[in-house]
Each structure stands twice: as structure tokens, then as C-alpha cells.
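Engineer: Dock chains V and S against chain A, hints included.
Residue numbers (our numbering), protein chains in the order written: chain A, 107 to 351; chain V, 26 to 87; chain S, 198 to 424.
If you're looking for bench data, these hints aren't it; they were derived computationally from the structure. Ideal placement from N, C-alpha and C gives every residue a C-beta, glycine not left out. Treat each hint with caution, since some may be false.
[Said to hold, decoys possible] Not the full set, but computed from the structure, chain A residues with beta-carbon under 10 Å of chain V:
#	residue
1	Thr119
2	Leu123
3	Met127
4	Ile165
5	Pro223
6	Arg330
7	Glu348
8	Arg350
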Amino acid sequence: MAINWFKYSAPTTFYGLAGKMVPWFAATAAVLLAAGLYLGFFVAPVDAQQGEFYRIIFIHVPTSILSMFLYLVMAGYAALGLIFNTRLSAMMATAVAPTGALFAFISLWTGALWGKPMWGAWWVWDARLTSELILLFLYLGFIALHASIDDPRRADKAAALLAIVGSVNVPIIYFSVKWWNTLHQGSTFKFSGTSMHIVMQQALLLMLLACWAYAFAVVLSRVRSIILERERHTTWIAELPEVRQ
Amino acid sequence: MSSLDIWMRENPLAYVWLGSYAVALLVFAVEIAMVRHKRKITLQQVRLMQEAEKDQEDEGTA
Amino acid sequence: MKKSTLLDLLLLVIRRDLVLAMRRRADVLTTLIFFVMVVSLFPLGVGPEMDMLRKMAPGVLWVAALLSSMLSLGRLFSADYLDGTLEQMMLAPHSLSMLVLGKMVAHWAVSGLPLVLMAPVLGLQFDMSAQALGVLIVGLLLGTPILSMIGAIGAALTLGLRGGGVLLSLLVLPLCIPVLIFGAGAVDAVTSGLSVVSHLSLLGALMMVALVFTPWVTAQALRISME
Numbered sequence: 107m108a109i110n111w112f113k114y115s116a117p118t119t120f121y122g123l124a125g126k127m128v129p130w131f132a133a134t135a136a137v138l139l140a141a142g143l144y145l146g147f148f149v150a151p152v153d154a155q156q157g158e159f160y161r162i163i164f165i166h167v168p169t170s171i172l173s174m175f176l177y178l179v180m181a182g183y184a185a186l187g188l189i190f191n192t193r194l195s196a197m198m199a200t201a202v203a204p205t206g207a208l209f210a211f212i213s214l215w216t217g218a219l220w221g222k223p224m225w226g227a228w229w230v231w232d233a234r235l236t237s238e239l240i241l242l243f244l245y246l247g248f249i250a251l252h253a254s255i256d257d258p259r260r261a262d263k264a265a266a267l268l269a270i271v272g273s274v275n276v277p278i279i280y281f282s283v284k285w286w287n288t289l290h291q292g293s294t295f296k297f298s299g300t301s302m303h304i305v306m307q308q309a310l311l312l313m314l315l316a317c318w319a320y321a322f323a324v325v326l327s328r329v330r331s332i333i334l335e336r337e338r339h340t341t342w343i344a345e346l347p348e349v350r351q
Numbered sequence: 026m027s028s029l030d031i032w033m034r035e036n037p038l039a040y041v042w043l044g045s046y047a048v049a050l051l052v053f054a055v056e057i058a059m060v061r062h063k064r065k066i067t068l069q070q071v072r073l074m075q076e077a078e079k080d081q082e083d084e085g086t087a
Numbered sequence: 198m199k200k201s202t203l204l205d206l207l208l209l210v211i212r213r214d215l216v217l218a219m220r221r222r223a224d225v226l227t228t229l230i231f232f233v234m235v236v237s238l239f240p241l242g243v244g245p246e247m248d249m250l251r252k253m254a255p256g257v258l259w260v261a262a263l264l265s266s267m268l269s270l271g272r273l274f275s276a277d278y279l280d281g282t283l284e285q286m287m288l289a290p291h292s293l294s295m296l297v298l299g300k301m302v303a304h305w306a307v308s309g310l311p312l313v314l315m316a317p318v319l320g321l322q323f324d325m326s327a328q329a330l331g332v333l334i335v336g337l338l339l340g341t342p343i344l345s346m347i348g349a350i351g352a353a354l355t356l357g358l359r360g361g362g363v364l365l366s367l368l369v370l371p372l373c374i375p376v377l378i379f380g381a382g383a384v385d386a387v388t389s390g391l392s393v394v395s396h397l398s399l400l401g402a403l404m405m406v407a408l409v410f411t412p413w414v415t416a417q418a419l420r421i422s423m424e
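Extracted from the complex, chain A is given alone in its bound form:
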């Protein structure tokens, strides 16, 4: 049975599909979050060097990973939108951006809080944290550019091009920041040196999946509003129960 992928590339069908998926992802996220936090706080042992402070990683690491992953997703949808001229791809890119930016922010905030007990300062120019900061700038640039252009199609395409240029730059930026950091003998976030306790790894995985499910739920929710806004002149929107009230 071949899945007709293109069926779901139309905003009409995707709207309904997304609507059904949101509650499932939201529930999954809540369950995984509870499980991850339980494991991370009540089962995982205290770290030899960092004591209880290391438990920040259970929120810091997943949000970092997700902020980077979401940028690639955003750029991917942007590229699809540019190449195939599909409206929905551009809408998805726009929907992903704020979530990605917020994850980057949380990553930076929790990174700073982790740094304080480790290094005594609220901010250290660690290579990863600095790259994360630049990633936040890239997200904000995307959002700002999209918001500054009135014509939605031009906005979509311009922001898409920016996202693609940004994603090509991300490896270069990361490499150069790493180089800069080692040259100046900056501090690096190290974890205990030895390999992580198995429960810590499991908690980390659960939290990662929780954030991923959360991202899915929020992005799909947001894209539904974007679809409503963009397609407001169509008849299928007029027929929707939530619009007819």
C-alpha cells in the first residue's frame, strides 16, 4: 500500500492530520517528561565531582540538541519550499523557528546556570555555549526577516534563503568558535571524565524524547494557526466546525 505523501502536503489535509496528532504528542511529552525527571532526580546517583549540580544536564543537553536539530528541520522545510514551491513547507519552517529559538534560549540559560557552580561565573565563553548563542542569533534573524516583509510569499522565500545560507554556515561557525576557544585556552564543559552512569544515560534519553515530542506538539499546533491565517479566504476554512462555531 503506497502512502500518498503528497496528499498531506496540501494544507487542507495536513490541518486535520496535525490536529489529530497534537494531543498524542502532548500526552507523550508529559509522560516522558515525568519519567525522565523521576529517573534523573530520584534514581540517578550523585556525581563524584559535581554533586547535585550535574542534574542540570537533563534539561540542558536535550534542549541544546533539539535547538540544533530544529534548525536543520527549519532549513530543510525552507529548502523544500524553495525548490518545490509548496506553501506548506514554508509554513512549517515559519512554525519551527520560534520553538527552536526558545530551545536555544533555554539551553543558554541552563548552560549558564551549570557554569556558575562549575566555573564561578554566569557565563564562560565555552565553544559550545558560544555556538549556541550564535545559533540563537541565526534563529532571531530568520524570525526578524520574515516579520519585516509584508508580502507572505516574499517573506517565506527570503527567510528560506537565509535559513539555508545559515545552515551552511553553522558548521563553519562551530569549527571557528571551537578553534577560537582552544586558542584562548577557554574552559570546556566536561562531564566527570569517565563514562556516564547508565541511569543518567537513560534519563537523558527520556528527556530528549520528551523535548522532541513537545516540539512536535507545539510546532504542529502553531502551523495549524498559520494555515488558518494564510488560507482564510478559502471555502474549506469557512466549512471548518471551529470557524462556523
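Structural biologist: Frame of chain A, contents of chains V and S only:
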């Protein structure tokens, strides 16, 4: 800042919870609130627009 | 019939833009004066202690060069956009990428090159050694074209927008960070007695890559902004 440092050393879990997780959960809550709010006002706008169009049709000026 | 090659086209565009820029010499000079002023602000802000200034010098000069380049980028396409020339250029059967490259070269000659020439003078204010100045100049020679090229993409994307210059800087500055790191890092390396080859060759590589890709990307950005 040193009183904060002392508090931090004595209450590591509280520091972790209040500083990181509380903030993260707050950000998530804010994001969810923003998404729901956006949906609410988008629906309102679409309804208004639909009614305006319907009125125009009824008057025969559309 | 004269066969006009891509090179002829390139030179034509460069010459045209240079002539136009020369007619508005004030614009060129204001960028340069901005550069000088920004560099002078740092000692005023951090104090005149020579040791500290010497250490800060490469970073200060590079950041100032970055900011000055950002300022002048708005002008890259706006004049032609406003009087309709840009539209004509895009309708012409010639390669838009070549036209864009020509504009980038002219922009660099008018905005980047003066910075490169001015920088060593300012470097003396920071008591930089001759070696350091040399590496600074080479780095800026390689780096300022990259700034012009990446900036052109931003200028094309923000064509005609209200936010204009500030938005352009917001978009382009993160992308220019590697240039800043390698350029300033090279000068730091030479003052510490280390080799600059890796820094400068990375800069050179970035410039080559930018040269190959940015004209085309900018042309696409122009098409997006103009349709």
C-alpha cells in the same frame, strides 16, 4: 553575589530546580500559552472576515 | 559585431559602480570616518593603558571593520533598485551572477579597501608591532571581500524593507563571525610568536568559497525580493 554562592552550595537541588527547571518549564508554559492565544485570535479574525464577506454578499456588493 | 564576454560585462559593471560611487564621495568618506571613530571609542571606554590596548587591538580593529562594512552595504543595491536600473539588469539576457559580482567588487573597492589602508594607521595608535600590522593588513585584504560578499546576500534579501540597515546587520553579523575569529586570531598568533599560516589560509579558503557561491546566491535573493 557571595550570599547567592553560599545559598547555592548549601541548597544545590533547590538551585537546580529553581534556576533551571523552573525557568525551562516557565518557557514551555509561555510558549504553549502563546500558541493557544494565536489560535484563538486567528479563529476570531477568520470568523470576522467570513461574516464581513457574508454581509457584503447579502447586500449584493461583493 | 563585438562579442562581449562575461569579463567585459564584469568590468563594465565595476566601472559603472565606481563612477557612481565617486560622484557621491561623501558616502565613501563617512564609512571611513565611522571606522576611525569606532576604533577611537574603545580606548576612551577601557582606558589608555597600553598593554591592554595592544592586546585588544586586533579584535577592536576587526570588529570596527565589520561594523563599518555593514553600514555601507545598504547602498549596494538600493540606488539601482529605486531608479529601476536593477529591474533592467535582471531582465537583461546577461548573467545576473556576473552583474552581482561586479557590484560586489566595486563595493569592496569603495568600502573595504579604504578600511584596509586605514587600519595600519589606526593600529599604530594601539602600539601594534610592524609584524602584527602586516598580518592585520593581509587578513583584512582577505576578509573584507568576504564581508562584502556575504553582506550582499543580506542587502539583496532586505531590499526596500523598512527595517533596512539594522535588520541587515542582524542577519549578516553572525555569518561573518568566522572571518572575525580567523582574522583577529591571526594577528594574535603573530604577536604570540605562533604561525599565522593556518589562520590566513582558512581566510583565503573562505574567500574562495564565498567568491564561488555568493554571487549566485545573491542573484537568487534579488529575484526573490523583486518578484
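Engineer: Hint by hint, note whether the structure agrees.
Structural biologist: Okay, the hints, checked on the actual structure:
1. Of the supplied interface hints, the one on A:Thr119 is violated, with its beta-carbon coming no nearer than about 19 Å to a beta-carbon of chain V, more than 10 Å.
2. For A:Leu123, the interface hint is violated, since its Cβ never comes within 10 Å of a Cβ in chain V; the closest pair sits about 16 Å apart.
3. Annotation: interface hint on A:Met127 violated; nearest CB of chain V at approximately 14 Å, more than 10 Å.
4. Interface hint status for A:Ile165: upheld, as the beta-carbon distance to the closest one in chain V is roughly 5 Å, under 10 Å.
5. Using the Cβ-Cβ criterion of 10 Å, the hint placing A:Pro223 at the interface with chain V is satisfied: the shortest such distance is roughly 6 Å.
6. A cut of 10 Å between beta carbons decides the hint on A:Arg330: the least distance to chain V is about 7 Å, and the hint holds.
7. Proximity of A:Glu348 to chain V holds as hinted, the smallest CB-CB distance being about 6 Å (cut-off 10 Å).
8. Among the interface hints, the one on A:Arg350 holds; its C-beta lies about 9 Å from the nearest C-beta in chain V, closer than the 10 Å criterion.
Comparing the model with each earlier hint shows violations of hints 1, 2 and 3; every other hint is respected.
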